[in-house]
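So the protein sequences, as listed, match chains A, B and C.
So the first sequence is numbered by the numbering used here: it starts at 1 and just counts up by one.
So the second sequence is numbered by the numbering used here: it starts at 1001 and just counts up by one.
So the third sequence is numbered by the numbering used here: it starts at 2001 and just counts up by one.
Derived by calculation from the structure, the hints in this document are not laboratory data.
A few of these clues could be false.
What the hints assert, rightly or not - Quick look at which bits of chain B chain A covers, simulated, 3 or more residues with Cβ under 8 Å: (1) 1144-1155; (2) 1276-1289.
What the hints assert, rightly or not - Label pairs and their computed distance ranges (CB to CB): (3) A:Pro60 - B:Gly1088: 23 to 31 Å; (4) B:Thr1135 - C:Gly2313: 41 to 49 Å; (5) B:Val1168 - C:Glu2207: 17 to 25 Å.
For glycine and all other residues, C-beta sits at the position ideal for the given N, C-alpha and C.
These are the residues of each chain, in order.
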Amino acid sequence: MAFIVTPEPRRAVMLRRLRASIADGTVFLLLLGVSIVMMAPFIWMLSTSLRSPLQSFLLPPKWIPTDWQWDNYAAVFDQVPFFRFFLNSVLISGAVVIGQLVTSAMAAYAFARLRFPGKGMLFVVLMSSLMVPIQATVIPIFVLLGELRLADTLWAVILPGWSSAFGVFLLRQYFLTIPNDLEDAARLDGATHWRIFVDVVLPLARPALAVLAILTFNQYWNEFFRPFIFLTSYENFPLPVGLVTLQGYLGNGSVAVVLAGVALSLFPVLVLYIFTQRYLIEGITLTGLKG
Amino acid sequence: MALSDRPGSASLPGMTVPVSPRSGTGSLRGEQRREARAAYVYLLPVFVLFVVFVAGPLIASVVLSFTRYDVVSEPVGIGLDNYQRLAGDERVIISFRNTFVFVILSTLLEITIALLLAVGVQSRMPTFLRYVFRTAFFLPVITSSTAIAIIFSYMFSRDFGVINYYLVQLGFERVPWLNSTQWSLFTIVLASVWQRLGFTFILFVAGLQNIPRDIYEAASIDGVGPFTRLRTLTIPLLSPTILFATVIGVIASLQVFETPFIMTRGGPGDSSRTVVMMIQESAFQNLEFGYGSAIAVILFVVIMLFTLLQFWMSQRWVHYQ
Amino acid sequence: MAAAPSRLDRRSLLAGASAGVAGSLIATTVAARPIVPERRAPALLRQGAQVVRIAQFGSIEDAETTKALFDQFTATNPDIQVEVIPIEAPDWDQYFTKVLALIASGDTLDICFVATEGLQLFASRLASPLDDYVQRDAAQMQEYFSDVAPSLIEAMMYEGSLYSLPVDFNAANIFYSPQQFSEVGATMPSATWTIDDFTNAMRAIAESGRYGFAWTNRLWGGAIPWLFINGGNVLTEEKAPGGEWLWQSFYANDPAAQGRGGGIRWANSQANAAPNVEALQYLVDLTHELNAAPNPAQAEGDQSQVIALFSGGQLASFPAGSYLISSLAASGVTPENFDVTFMPRWKSQRHQFGTAGYVIMNDSLAKDAAWELLKFRASSDVITSVAAGGNTTPARRSLASDALWTPELGPKSYNVFYDTLDLFPDTAPIPAPPPAVEMANIFTRYVGLAMSQDQTPQESLDGMHRELTDLLARQG
């Protein structure tokens, strides 16, 4: 296009630069404002969780903690079996991630690499489950879990999570991008499909597996609806359901203690976020664009 | 927030299953059969679970919706009674209306704000700042809606909340965020947009990075203003991403539950009650499993129709590069 | 779907068929389920002892306390063991829902902790009457009944039968700060105060920039006590026939037991009756005209705010029962800083109470053991140990004394707690027919609409009346 530009008069250039930097400055201030709005609830949560319980809701709010009431954090463990909730969350999310990686990778391998009759149909059928919201099936699943005597056990939440059309889709897309050369070589060496899958494809697919693991872990760590419905006993609650119980009978839990519990439940996610932000964002980008 | 609850399969190109790309050397029938058998074994776990936990329950939902069933005693077939009751149940109708209002408002706000933020972040600034902004915007996405709803239910309190405190300082009246039928649904929208904004933002940033720079450079040299540029260049070029974000946003919003459940309990009255809350209330509070299933079936039909609609739209409007 | 729609007809058909088979299988399993009593597990046996499973409302800590209590019994009765299942919920209605879900998912429970809010829900379909046991052990039971107000017993009856032995109760009384009332020169709350005294005090306190009153929107202690003192109620009250067997054997000489029946029938809605509208209008005005009360939170009120406001000197009074004393003490409120009195007199001074106790489940195969546990739980020692520290009011009159509410714990006027039953024999339980969970939902929803001024009290109570009428008709 227009590679040759007639030189502008100097004043016009300066004016344009000034206008540009004002524009940049405005944009920057706006972005800063939005960032503050995004971070404020977290900061309020932290500082309020450190106020003395009696003052925790008194106004004006304090943004910088002055009381440093770490007792509120200890109280979380006194009032509810917080460690148990934490452990349940780890068990549920961990078990779902492992199960889902195994089943999804296997299915994705078949869809990406193997030839068999009915492939197209099976894939479409499986993908159509993306249209079925959990709310549409939760009632029969509840009844079914009762019949299987799995109601109110961690399995009630784990088992249905083991199959994920999304996981199959994501991994299949990635497997398709892995060149065939290595596989062909392995095949010439007489390797079985299983060996190729385990020794060649899976190691190469590590980034995609990591993305799926992180997304799934995050989803099940935060999940509320199914655990809330399927689990009745205290000792089976994961964190989100446990947090609601921290509010207590008639909401008589202290605001500061409840917020301390919320802060504790967010901590592992924050740590995960710091270490895996790249993967998370890559994962979203990947699913959103390459589709 | 369900990050990997990625629906909207239809919007994803590349769904067509390619024929296996491998150029086999003289494939034997036996080898083919072995390969097919292996494939079925690989697919078995996913499909068993799919049948037990998705397809089967979906059909069972439909079957249950024709019964009266309280779990403690046996189900009784009652034909279309549940659907008849549903059609005349003001509360169910309100919950659908609330859900649609919620979906439209939250998706519109989310897409608009996220788009502006994404374009803003593309402007000249140090990489480090860009990273800081991205981190700030994205943090709420990975936290649980439950935690967010608990925090917000305190912050939005009419009499003791931080937000009203500052509004009063600025000379405004206290807003009954959670205590008024005028406001409650809107407050839920705000909370949920706040939480999901970062997700859409990331999608848009990635989408923008895919747009070749020279298109912009040409435009800027031609003296096109920033808003015209947004309207005539960015939005059309970004349309596949916008559509994808819309689909995900809409389907996630149709399923909203814990934010209103924790912040307002659906109230005042039914002003912030969503369809999923009605399903939960009918089935798991009132033990009317048949009636709850009928509502669930309607929700499923709505989601399916929407998915098909957006697929149809994507073929007409979206401008793939 | 997306790919090759034209070729998919046969395939979708196949897919549909396979899913259909699975669905029908599940549906058949559901339909073919034997009814609950047949598929219940036999009474659990562990090391030769019968295990009684008890559902307990509350935290694990509460469950451990309960377990420790019952273990005192099993220590001397080694053929019975107790397992306590803690069920946590923000309020009773959600607790009942969870218990029902537990039963629905195939769990076997022998005993459930139940309050007035759910007594009829359980009695109508899940619990077993105690009549035979009570009559069998009449000699032993005499001591218990002579110590328990008849209104508590009647609240545990349904259609002529007794379902539970009340262990504690709470009536909605008024807790207040004497300092805050005297500072603004308001009439000090007393047993004989009137609604006008109350209104004037509220106005004066609001003008001083504090809250006069704060309440939570729920069945107990919410709007209903105000309906009661204005002569209203949400549902009609009738006495169910029957129950003479109990009243004649145990309460023959108690005047307060005269005219008691076989439990209360809340058969019809009268939600939009004039006294109800007037009382609800009063509460709306308290918040929006006098600015004397914060808008009550949705459904479960946030009691921590009430306690914090009160202990921080921002609130002069609130409705509560003795269960709140432990929380007040924990917040540093000393007996000099609070006291308790009756609701003010309007058309009457009828109070609202809720009582709690244990029911034996129909399905239980350990009913005899369960009955022994019920009696044990209703004994003086056990009731005292649960109520101690300001946790609740004992159902036994003799225990409601300064041995329980010591001068260090307060309040000075602790006699108000049991006197609410004895001085006002018309004091009534929370209206809670069998569909109590749905009723709680309808009630709080419409009260919320009036309190947020989205509807006038008349409109909201009309709506409540409509839905309650539908509900009671549907549930037959």
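Hints, verified against the model:
Counting residues of the region 1144-1155 of chain B whose CB lies closer than 8 Å to any CB of chain A gives 10, which reaches the minimum of 3, so the coverage claim holds. Counting residues of the region 1276-1289 of chain B whose beta carbon lies closer than 8 Å to any beta carbon of chain A gives 6, which reaches the threshold of three, so the coverage claim holds. For Pro60 of chain A and Gly1088 of chain B, the hinted distance range of 23 to 31 Å is not satisfied, since their beta carbons lie about 50 Å from each other. The hinted window of 41 to 49 Å between Thr1135 of chain B and Gly2313 of chain C holds, with their beta carbons roughly 42 Å apart.
Separated by about 19 Å at the C-beta atoms, Val1168 of chain B and Glu2207 of chain C satisfy the suggested range of 17 to 25 Å.
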